[in-house]
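Protein chains in written order, with our numbering: chain A, 6 to 627; chain B, 6 to 627.
It cannot be assumed that every hint is accurate.
Copies of the same chain are indistinguishable here, so a pair counts whether it falls within one copy or spans any two.
Here are the simulated lysine-lysine pairs, PhoX-like style, with alpha carbons at most 20 Å apart [to be verified]:
no.	residue 1	residue 2
1	Lys526	Lys503
2	Lys207	Lys57
3	Lys110	Lys503
4	Lys614	Lys526
5	Lys142	Lys110
Derived by calculation from the structure, the hints in this document are not laboratory data.
Protein chains: 2
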Amino acid sequence: QMPRGNLETIHHRALVLAQIRKWLDSLQFKGAFECMRKLRINLNLIYDHNPKVFLDNVDTFVKQIDSVNYINLFLTELKEEDVTKTMYPSHTATPSPSLQTSTAKKIDVVCDAIRGAMEKLNPQKYFLSILTSYVRKTTPELETALQKVHELRGKGLNFVNPPSKEALKYLLFLVDVNELYDYSLGTYDFDLVIMVAEKSQKDPKEYLPFLNTLRKMESNYQRYTIDKHLKRYKKALGHLSKCGPEHFVEFLNLVKDQNLYTEALKLYPVGSTEYKSINDAYGDHLYSKHQYEQAGLIFARCGSLEKALEAFVACSSWQQILCIASQLQYSEDKMASLARSVAGKLVEKRMHENAALLLEQYAEDYEEAILLLLEGSFWEEALRLIHKYKRLDILETNVKPAITEAQKNHMIFLDSQKTTFARHKQRLSVVRELKEKARQGLLDDEMPGGPESDLFSDTSSIMTTSEMSGKYSHSNSRISSRTSKNRRKAERKKHSLKEGSPLEDVALVEALGEIVRTVDKMRTEVNSLLKVLVLFGYDTEARQLQKAYHEFLQFIEVSISEIWIPLDQSNTTPVLGPHSTANSIMTSYQQQKNIKSTEQDSELFTAPKLCKATQWKLELLD
Amino acid sequence: QMPRGNLETIHHRALVLAQIRKWLDSLQFKGAFECMRKLRINLNLIYDHNPKVFLDNVDTFVKQIDSVNYINLFLTELKEEDVTKTMYPSHTATPSPSLQTSTAKKIDVVCDAIRGAMEKLNPQKYFLSILTSYVRKTTPELETALQKVHELRGKGLNFVNPPSKEALKYLLFLVDVNELYDYSLGTYDFDLVIMVAEKSQKDPKEYLPFLNTLRKMESNYQRYTIDKHLKRYKKALGHLSKCGPEHFVEFLNLVKDQNLYTEALKLYPVGSTEYKSINDAYGDHLYSKHQYEQAGLIFARCGSLEKALEAFVACSSWQQILCIASQLQYSEDKMASLARSVAGKLVEKRMHENAALLLEQYAEDYEEAILLLLEGSFWEEALRLIHKYKRLDILETNVKPAITEAQKNHMIFLDSQKTTFARHKQRLSVVRELKEKARQGLLDDEMPGGPESDLFSDTSSIMTTSEMSGKYSHSNSRISSRTSKNRRKAERKKHSLKEGSPLEDVALVEALGEIVRTVDKMRTEVNSLLKVLVLFGYDTEARQLQKAYHEFLQFIEVSISEIWIPLDQSNTTPVLGPHSTANSIMTSYQQQKNIKSTEQDSELFTAPKLCKATQWKLELLD
């Protein structure tokens, strides 16, 4: 990175930097500054070298520099970067405790500190530097700067050097005139506006009529008009809200146009009709953006109950639906039919328990409620309703058939999953063996370089290996930017389980992980089914299920360390040994690094955690 | 592992093994066998070399060997171990597809195959080998062997060589006489018993009276007595159950003594009084072992409702409690007081929603139900009940105070967690820097060996590093044998957060992970609180909470890659470079391997996965 011929210059600069650091440590800012300016060393170093010392001695700095131009130069060169870490890293000193932990930005901190010093020492002398310190802030405080200039003129201090005219000129040198004009308009101070406008190249025929129209307006409406002109819509809303009810339509339109509902709501008391109007408009807006639940809440809180009901129905917020329907004084019949329709939607979303509650409590259809609970495998809750409503007939007609059916389905499901699992696992070991052989073959080919070859001479071998694994890291890095769920979906499409596909092993691990997660998640469900099987005397079926599930879980547990191999155990042995050279070690090390970073990138290569803590077994079935 | 002087012998043996393999491949079993016997090569190789070929040609094997003694020798030497993998690994051939995937054990497979062949070829000639093949099975089939001997005698084939006497003698040579006596007793065949007893050293005065008592018994009771004598309790139960109701007390006592409830239940029809008695005893047994839920199920299914209720109350199975109480025809008052008492227990277990259901539906105490829902932060369900029972007064008295309180608590909690998180994170980087410096110092010390030193000459350096990391891997391997939850607890105790403690970095990562998991889990809870805050117009509070939580989650997200550093990025740079030697690379590589395996062992070093898929934010608050 440093051209070889320049070593002497660099050597020189290192000495210079050391000298500058000494100066700065001994607070000899003037010397440091002169030297840095001459040798074009970035002035940020003055602060970055030791922020705390600089800030503690900022008065000394200003006094020593004692030049408006130099201070302007320093302020202008400020940037967020810490040059002790980037341009002038120091190897000797330990890094001083930085002030960056505070949220304030460096530029703002320095500008404010220096302005403070200048205002204390001689605000008139440093006037231009003070302006610079406002303009340089990360969010330039142009209005304050303008105000300062305006004050200067107002005080009639024209005899003081520099006069306000000069100051304004300087400000226009720092800031674009149109920007400054807008900012002056934003102070709502027409004197200031005209002062800036006069200095600009603007045509008075353009700005004077506009200013005259504004002058004629009521104060709040005037400010609103200026704010709107400057696209400061939030401020505009504030001023417009003070203009009385005759402007409320204009207000509401601005709110809708600029999507400023939350700001608008703050401007009116909660009970007012204006508040309700804004709120309603907000609800409509959210509804149109398919934010049904939020729209429902917004409608509900200002009493737009019909709209709220519609919104809550759209997102199946069943509890809220019931609240609203109750507030709308729905008749029993109407409530029952609403409950039935919502229950239907909930069943589609596999929310059987909630659907059953609706049917039980709002439609009084106990039988249907119980059947829904059975459909959703909520065995105990179904039994509770059966006994609550004395519908013991359902035990024979539905419960027993449902639980034996569930047992059979579980057995079939576990069996098919286990078969797939075993097949994928077997195939994975075959694929891995093939890949390992291919890898060893590759290494052997590169051995002939021999033990005498220089460490870095054969860089091509390193290239080869990193190229080889390039497709892995590439595909995985693209994936990692998505959410985990999408990622898994995306990978399922991308990695093919077809035999011989290049990422077959990855696809197999994915598929195996999917099975592990699915089966592991069934613990509670199996436990609940086992209990109800025992309750109705289906001990054989229960025992069969417990055995099958237990064996599958055990199979998974012993398989995990074979499928998700700890990284450092894979493929290290053949590489180190009496025949290996520095070069061969390097090569294989690089290769492993690549493999590892690939695996690190992806959550594929960490074994799923099993919920071993969940007690699902019934000891009585063992 | 092989002493240097023996190279020639080993060389010889390798040649011999190659020859044996050739013989086996060409089915020349006889040659192979003779050679192996002479050179004391383990005979298992005959099978292990290629199990499929052996099993397909087992007839040829028996024909070629053609010796009872040799076959006995072969059978006796069988063991589960695959000697091609342990004693005689072959480097040239690819491992033949093994048959080990089937669950049957090798010894059993070989015994059965050879017996099959012998019985086909000449059962009389190979009689003793056939006996051996029964005895050698992993679960010796002594009864069948005895039966064979007995048959031989029964057939009067005494003239055949070997006579049954010889056969029995041979059997007694293979098996302990007392064991054989018990087995003979187990056949319930007194001829057989006496035959064995006569050959044994047993005193006829001992066994004859016992046998005579047995002879006088009813057949089932006789078998029961024998079974019990042989401690074969399951069989004993089966026989005893056939002895009629007068023996049922004896039966039940045996069941209780031997804890054979499930076996006993199978012996009686479900509706019978015996079934109910066993079932009841089973329930008592489970209850006494604090398996309350299972006891409840067992009591419930045979109608011991009072006992079932007691058991379900003991484990707070609230739905089952209600089912049983309903079956017991509880009055409304009794039901209400039961519901209140169970609800109290559920609240203790933080199951507010279920407790509220009990109070609402079984005690008709709507107000208390709503208050419980608020206490458990089930805002929407609380609102549903408020509207269902027209208790809108509770909105002002309880709901609003509860949600603003909840918002405050969340803010305080998030703030304290964030502070702790930032402090731990900062400290972690300090500790890591210190450790990294210590590590580099260690490496520098080992450099002097110089670039010319041989690759393996300085093994001490490798030792040092692995010793250094010994305490890490040790502590972690001990941990990994426990369940994840216990482990975390155990580590919390083991790893001290105290500054300067040796595993402070591990403790910090643990503590940080704990915070990440806790905060990440709050998404749904925060979302639900935000919605109800908006519903009641507490937009400011909602916005404040959303902002605080959002910022914390973002802070966590950017911090994760700093706390859980991908393995291959850590500490590699200083090791490879123009000054590194094969030796230095090796050393640092070994060291990294150790670090890595430590990190691999523990789930501490994988970053917690964030539930980014959970949509918790309300856009309207942004």
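Taking the hints in turn, this is what the structure says about them:
1. With identical chains, the CA atoms of lysine 526 and lysine 503 are never at most 20 Å apart, being 27 Å at best within one copy and 38 Å at best between copies.
2. Neither within a single protomer nor between protomers do lysine 207 and lysine 57 lie at most 20 Å apart by alpha-carbon distance, with minima of 46 Å and 100 Å respectively.
3. Taking the closest pair of Cα atoms, lysine 110 and lysine 503 never come within 20 Å of each other, the shortest separation being 54 Å inside a single copy and 34 Å across copies.
4. Taking the shortest alpha-carbon separations for lysine 614 and lysine 526, both the intra-copy value of 11 Å and the inter-copy value of 17 Å come in at or below 20 Å.
5. For the homomeric pair lysine 142 and lysine 110, the shortest alpha-carbon distance inside one copy (9 Å) is at most 20 Å, but the shortest distance between copies (81 Å) is not.
Of the numbered hints listed earlier, those contradicted by the structure are 1, 2 and 3.
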